[in-house]
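K.L.:
Chains as they are written, first to last, in our numbering: chain A, 1 to 281; chain B, 1001 to 1280.
Read the hints as simulated data drawn from the structure, not as lab findings.
Hints should not be assumed to be uniformly reliable.
[What the hints assert, rightly or not] Cross-link-like lysine-lysine pairs, in silico, DSSO-like; alpha carbons within 27 Å at most:
#1 B:Lys1269 x A:Lys87
#2 A:Lys59 x B:Lys1016
#3 A:Lys176 x B:Lys1195
#4 A:Lys87 x A:Lys191
#5 B:Lys1016 x A:Lys191
#6 B:Lys1081 x A:Lys85
#7 B:Lys1195 x B:Lys1269
#8 A:Lys87 x B:Lys1195
#9 A:Lys191 x A:Lys176
#10 B:Lys1269 x A:Lys176
#11 B:Lys1195 x A:Lys85
#12 A:Lys195 x A:Lys87
#13 A:Lys88 x B:Lys1195
#14 A:Lys191 x A:Lys59
#15 A:Lys88 x A:Lys191
#16 A:Lys85 x A:Lys191
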Amino acid sequence: MNARLLPYMLILPVTLFLGVFFLYPFVLVAQQAFSGSDGFSMANFRDVFSYWKFPISLKNTLLLAAIVVPVQLALSLLMATMVSKMKKGRDLVLYVWTIPLGISDLAAGIIWLAIFEQSGFLNSMMSGLGVIDQPVNFLSYQHPGVIFLAIALAEIWRATAIMLVIIVAGIGLIPKEYYEAAEVFGASPWKRFTKITLPMLRPSLQTALILRVVLAFEVFAVVAALGGTLMPVLMGEIYAYQFDLLNSNAAAALALVVLALSIAFTVIILRVLRVPKGASI
Amino acid sequence: MTDATQLVGNTRSTRKAGRYVYIASVVLLCAWVLVPLYFLLINTLSSPETVNSFPKSFIPEFDLGSLTFFAGFEGMLTALKNSIIVAAITMVLSVLIGAPAGYALSRFDFRGKELFRMLVLLTRAFPLPLLALPLAVLFIRTGLDDTAFGLALVHTTLAIPFAVLITFSLFSGIPIELEEAAWTLGCTRLTAFTKVVLPLILPGITASAIFAFVISWNEVFASAVLTIENRTLPAFLLQTLGEAPLHLKFAGGFILVVPALIFIFAVRKYLFAMWGIANR
């Protein structure tokens, strides 16, 4: 076979597949979102934006992302630095810390339900300590703050691992000589972290943040398991449009909104953490 | 003199204290991951009555009541079977389609390589499960609606970027000289690949396949949108969340978690290598 054509033959399956199942559906979803009774229309978007649940679900989704992602970033940076100094037991600790990577958002929601539900472990612990007499129904409409906290904790618990993996891999790529040189010049551990690790980690931080922010906008099953309909989020509303309200045009319009949000934040992260040309490792 | 010894003693004791803080934080962070899992285990291995009672014991009673109830629940085992079928198809498809591209990226310089890499990386910056919405209509037209194969196609879209990147890093780890040596010894490009490269990367390919399996196994949104009768386990659990008794939820959650634990253990070596390459 022609050696010049071979690479194209090899990437053809993926390109075709992504064309049919990635690019084409986006055209379809946009078409559906802008379609009305007589051709092009913004009616679906007006429907979606004027629905009373839209501002709440947008606020909840953004607020959740704004709290969860920074905590995860700090936590995974801390964990990665701890692991990089470790000699004994590094593999075991890394395995334990990456366990949640394999756990689905639905399962994570159920796991935290075991803690927060009325006969759950938090109530059992608190009554054991004598803080409460009666088990409290934390996940009810009377405690919106606790529902939010439970969802945030479940998200932090589940999805910090993916950031950890990316950051640990990134730290592995930083040449050790930089640290040795810094040590010779007497830089403190904190200085070394801020002057070497963080700047050199930029590409990894980019990947990690984009991935996490996009996933944070997709939050769905954790909320379904812990909050039910008490805490509306964008993905949950899309699901409701599709199945409860049977309005797939509105679902498509809202899907475009989530998409636009994801792309906007991806661009922002790429800009803020851009790697200067020629400065990569 | 005494000052100096005291100073040395002080730094030593602060260093010792720092070491304790360090170990304590590692243990604490391990507990943060493991304790919630342990709670789920307690609930799964308790009888339905215990799961719904208060207060909870912090030791499992090793009763299989909840799991038996789970297995006997109408439609649950079918959903479990569907999950396995969809994940298996996803696994095969993503490796078959993704691995050749990974090989091309690691071995060739060709025009449009960067563009292709961008396309693959771009898929990760999009909320992919949303694609299930337009595909639902498309699938009804083509007869793929509510089938394991149709859902597996969508899950393959989720898994392919990872399959390409993992296989890319695997192939990059094998020196091209090995292949060239095989060519000089009379192998064709294909036989050199099957006789020399393939045996070397087979464990890595398995890891990438397992990763695809987990991605499909865990996916909720697209599964719930695209299946009605043939629900996968996560979709079925999601549907029953509203009315299902607690012990069913916990047993279901447990069944979801177990394969994931084993799989992550099996692929742990490759997790870091693959992300290291993917970031460049």
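K.L.:
So which of the earlier hints does this model not fit?
P.N.:
2, 3, 6, 8, 11, 13 and 14
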